[in-house]
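Q: I would like the entire structure built from these sequences, with the hints used as guidance.
Residue numbers (this note's numbering), protein chains in the order written: chain A, 8 to 126; chain B, 11 to 369; chain C, 445 to 607.
It is worth saying that the hints were derived from the structure and are not from the lab.
Among the clues, some could well be false.
Stated by the list, open to error - In the DSS-like style, the derived pairs of lysine-lysine whose C-alpha atoms are separated by at most 30 Å in a straight line are:
id, chain 1, residue 1, chain 2, residue 2
1, C, 537, A, 72
2, B, 40, B, 257
3, A, 30, B, 257
4, A, 111, B, 40
5, B, 163, C, 537
6, A, 31, B, 215
7, A, 109, C, 583
8, B, 346, B, 169
9, C, 537, A, 111
10, B, 246, B, 95
11, A, 26, A, 109
12, A, 111, C, 548
13, B, 346, A, 31
14, A, 109, C, 511
15, A, 109, B, 13
16, A, 26, A, 111
17, A, 111, B, 13
18, A, 72, B, 346
19, A, 111, C, 511
20, C, 537, A, 48
21, B, 257, B, 295
22, B, 61, A, 111
23, B, 95, B, 295
24, B, 246, A, 30
25, A, 31, A, 48
26, A, 48, B, 13
Stated by the list, open to error - Sample of chain A residues with no beta-carbon within 12 Å of chain C, all distances over it, derived:
id, residue
27, 14
28, 15
29, 19
30, 31
31, 32
32, 45
33, 47
34, 72
35, 73
36, 80
37, 102
38, 103
39, 106
By construction, the Cβ of each residue, glycine as well, lies at the ideal position given by its N, Cα and C atoms.
The residues making up each chain are set out below.
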Amino acid sequence: MAEYINRIEEIDYHDLLEKSIEKKRQGYRLSQACAAYSGGKLELSYSFADDETLELVTFRLVIDKETEIISLSEVIPYAAFYENEMKELFGVNIQLIEPDYKNKLYRINTETPFVPKGE
Amino acid sequence: MKKRSIVPYGPQHPVLPEPIHLDLVIEDEKIVEAIPSIGFIHRGLESLAMKRDFNQMVYVAERVCGICSFGHGFGYCEAVEDIMKVEVPDRAKFLRTIWFELSRMHSHFLWLGLLADGFGFENLFYQCWRIREKILDVLELTTGGRVIFSVNKIGGVMKDITPEMAVAISEMLTSVKKELKQIVPIFMEDYSVRSRLEGVGVLTKEQAHTLGCAGPFARASGIGADMRTLGYGAYKELDFEIITSDKGDCYARCDVRIREIFQSIDLIRQALDKLPEGELAAAVKGNPNGESFIRIEQPRGEAVYYVKANGSPHLDRMRVRTPTFANLAGLCETLKGADYADVGLLILTIDPCISCTER
Amino acid sequence: MFQIKRSPWVLHYDGSSCNGCDIEVLACLTPVYDAERFGIINTGDPMQADILLITGGINSQNADVVKQLYDQMPRPKVVVAVGVCACTGGIFKDCYNILGGADKVIPVDIYVPGCAARPQAIIDGIVQAVDLFQRRLEKHNDYMKEHAHDKNDAKNKKTGTED
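A: Written out as structure tokens, the structure is:
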């Protein structure tokens, strides 16, 4: 197997924008972004992939439900789809998404279905 | 200023096999902007991870999409096996690879057919689908299913390819290759077909990179990214080259996919020759605990599987980032400046799988 | 077998299916299975369709789309639910965004089970739908004949009073 790096790097949410810009400069692309919910905390993962070295670096942010995150869509336009999804399904408080679908990407009836009610 | 109007496109539209809705802002006949709205097929499949245990989730993962069904099961199993440190037997790895390449072939034939239908060549559409049925027959023979196989399980596979079946696959490959060679000139050389494909919807390499495109769509623009080079399954023991083209138009996308069918035929032959003897599945004990990101190359491009487990039978999170989701931004870009008449064709050339996208 | 008096046109709509049934429906129309030999033809226009083939369950967003498609079809019409998702919701029944089978929003006449439904089963469903359509058409025609005069009378009366 061609050895490649696949690692998860925990970062503070203040550094997300800065680190993403750095990765973008190095020629990485945003491979995916997703959220998970466990034990009252939201975990966001932003994976950056490099097609030359096949490296996959994932930035992990562990945040509270209320924490405000600044959108990456200014830097990486297509991040908006992922961020709209996180916002709609998990209720992640992401600010300044462009375009912001205002929780209407999937147009579901349930509010934040992945976060249990009353927690 | 020219007059602008907004034309709603979809969700029910003759050229679209699946519902997607686009608001097309047009000036005369030219598209200025395309705003996609999705959600017609959103089921919330990932939430089933909380209700089903991790073994049952294999079947749910396979139903993310009916066309690349095998790949989704494969990717999910790889992710769970990575967490549980299960060593999959070599034979199972080869069998998975063979089935995966067969599904890539039938998916590409399906796409070629739909493309032919998109530019109004009904006869060619029927030809492609007729050839595709041969692949489905072999899949039915080896797995028992035509589109959804359910042969994957955590730790390996459930069914075997016997020597007789291997002969049947090999014969099918020969006849499909012969018939494909007959229809390739129509796609590649026919004057009317070329006039619909050449120079339409050009996406440059820079654009494809900035928009994070994946799969044949990106490879047609010259990006040499193919996740099979990661060496999952049996790919590390097979010989293949990444297929790219540098034109970036619809013609190049068609060209890349046709060459990929030939490549798949070659890969299956190699895998059948090297198919080792041995167990079909490794024993799996306990529950997964940990998390993993796995990338595999689906017929439509790179798919990312994320599994987060907590030591109980129920997973914390199962997430699939499908190739069409990554290609949506690229689609909107190619639509800008296109003729209204080409919209259907352009949507088709990214090989959209809406069911994957929305899960 | 029954005699066909009119060729019913088929409209296929993908509810929220996984694509498996969709491509099987399409495969039914292509040369190997060739459902068109039963006198049907595939159309993309609901206004001209007689039989609605629906695959996949109903979710909150496509409920209105399905209802609208059904309303746009001229009477008489037949609805076939293809695949277990369209019948009951299937494997996705417990998902938060699935309301259930197609019969949650429109009346379904024929249920074709299977995940994914096999072409043979789909063809069987189509044949039954063609049969049912013929019967409904006859009933519809009889009704129209019986009430043709009423309608004219009503029209005349109406125009009469207006004058």
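Q: When you check the alpha-carbon spacing of residue 30 of chain A and residue 257 of chain B, does it fall within 30 Å?
A: Between residue 30 of chain A and residue 257 of chain B the Cα gap is close to 27 Å, so the pair holds against 30 Å.
Q: For residue 102 of chain A, which was marked as not at the interface, is the minimum beta-carbon distance to chain C over 12 Å?
A: Residue 102 of chain A clear of chain C: closest Cβ-Cβ about 26 Å, beyond 12 Å.
Q: Grab the minimum beta-carbon distance between residue 106 of chain A and chain C and tell me whether it stays above 12 Å.
A: holds, 19 Å
Q: Within a Cα-Cα threshold of 30 Å, do residue 111 of chain A and residue 40 of chain B meet the stated pairing?
A: holds, 28 Å
Q: When you check the alpha-carbon spacing of residue 246 of chain B and residue 95 of chain B, does it fall within 30 Å?
A: holds, 19 Å
Q: Per the stated criterion, does the least C-beta distance between residue 73 of chain A and chain C lie above 12 Å, as a non-interface residue requires?
A: Non-interface label on residue 73 of chain A holds, nearest chain C Cβ at 23 Å vs cutoff 12 Å.
Q: Below or equal to 30 Å on CA atoms is what counts here, so check residue 26 of chain A against residue 109 of chain A.
A: holds, 26 Å
Q: Between the alpha carbons of residue 26 of chain A and residue 111 of chain A, is the straight-line distance 30 Å or under?
A: holds, 29 Å
Q: Confirm or reject: residue 19 of chain A is not an interface residue toward chain C, with every Cβ-Cβ distance exceeding 12 Å.
A: With a cut-off of 12 Å, residue 19 of chain A remains clear of chain C, as the shortest Cβ separation is near 32 Å.
Q: Would you check the hint for residue 346 of chain B and residue 169 of chain B, treating anything up to 30 Å between C-alpha atoms as holding?
A: violated, 47 Å
Q: Is the Cβ of residue 32 of chain A farther than 12 Å from every Cβ of chain C?
A: holds, 39 Å
Q: Would you mind confirming whether the straight-line C-alpha gap from residue 40 of chain B to residue 257 of chain B stays at or under 30 Å?
A: holds, 22 Å
Hint violations for this structure: numbers 7, 8, 18, 21, 26, all remaining hints satisfied.
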